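Student: As a plain string of letters, each chain reads:
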Amino acid sequence: DTAVSQTPKYLVTQMGNDKSIKCEQNLGHDTMYWYKQDSKKFLKIMFSYNNKELIINETVPNRFSPKSPDKAHLNLHINSLELGDSAVYFCASSQTDGGHEQYFGPGTRLTVT
Amino acid sequence: DQQVKQNSPSLSVQEGRISILNCDYTNSMFDYFLWYKKYPAEGPTFLISISSIKDKNEDGRFTVFLNKSAKHLSLHIVPSQPGDSAVYFCASFSSGTSYGKLTFGQGTILTVHP
Numbered sequence: 023d024t025a026v027s028q029t030p031k032y033l034v035t036q037m038g039n040d041k042s043i044k045c046e047q048n049l050g051h052d053t054m055y056w057y058k059q060d061s062k063k064f065l066k067i068m069f070s071y072n073n074k075e076l077i078i079n080e081t082v083p084n085r086f087s088p089k090s091p092d093k094a095h096l097n098l099h100i101n102s103l104e105l106g107d108s109a110v111y112f113c114a115s116s117q118t119d120g121g122h123e124q125y126f127g128p129g130t131r132l133t134v135t
Numbered sequence: 030d031q032q033v034k035q036n037s038p039s040l041s042v043q044e045g046r047i048s049i050l051n052c053d054y055t056n057s058m059f060d061y062f063l064w065y066k067k068y069p070a071e072g073p074t075f076l077i078s079i080s081s082i083k084d085k086n087e088d089g090r091f092t093v094f095l096n097k098s099a100k101h102l103s104l105h106i107v108p109s110q111p112g113d114s115a116v117y118f119c120a121s122f123s124s125g126t127s128y129g130k131l132t133f134g135q136g137t138i139l140t141v142h143p
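As given, the protein sequences belong to chains B and X, one line each in that order.
Going left to right, the first sequence walks through residues 23 to 135 as our numbering numbers them.
Going left to right, the second sequence walks through residues 30 to 143 as our numbering numbers them.
Just to be clear, a hint being listed does not mean it is correct.
[To be verified] Calculated cross-link-like contacts (lysine-lysine; reagent style DSSO-like; alpha-carbon spacing at most 30 angstroms):
1) X:Lys130 / B:Lys44
2) X:Lys97 / B:Lys66
3) X:Lys100 / B:Lys41
4) X:Lys130 / B:Lys63
5) B:Lys31 / B:Lys62
Keep in mind that the hints were calculated from the coordinates and are not lab data.
Remember, it's a predicted structure, so these values are computed and weren't measured experimentally.
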């Protein structure tokens, strides 16, 4: 009964390919996020969606495109993958009128070769 | 521009003793602070938080202290247990800026020895 789930957990692909990571939350939250944890272990926000509307869009290459079909889902599509995209990507969710706590998924380890 | 810093990459503590993890921030607009715990191959798990209107928040074995003038917060774990061994991230939030944006430190690896 996972609160925030991501698929796949591991993704190995070649440069130039296009891939997607899916995220779903069953917490009833109205805000979802994508974070990237790079090789130096920093967790940095990439995007935030509130009620399917883009709220935060950090300085991320436009090869990355989030899509939120509904409040419970936020998918991340990456075009023309590059070596530097190798990282762990975390999805998270929170409730607007709750505290500021965000609940994270287990992460997707993306390796670009 | 690293606005949240955890200057100790690692900390080693004996079981039963106190663990103190530190975090410094530079942005005076931050008004809410959180600690997350992360096990390998899992996502960060929320642990405890504190608002800038308080200087202490306690939850069981975990206490967070906030010193606004020094722009410093710390997490105390008493008594430490081997299951507490994990990476601990502090995170900061500004309610006046980008909605929902948490800024994380780089983490401290805590090892609690039996």
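Student: Of the hints stated earlier, which fail here?
Tutor: 3
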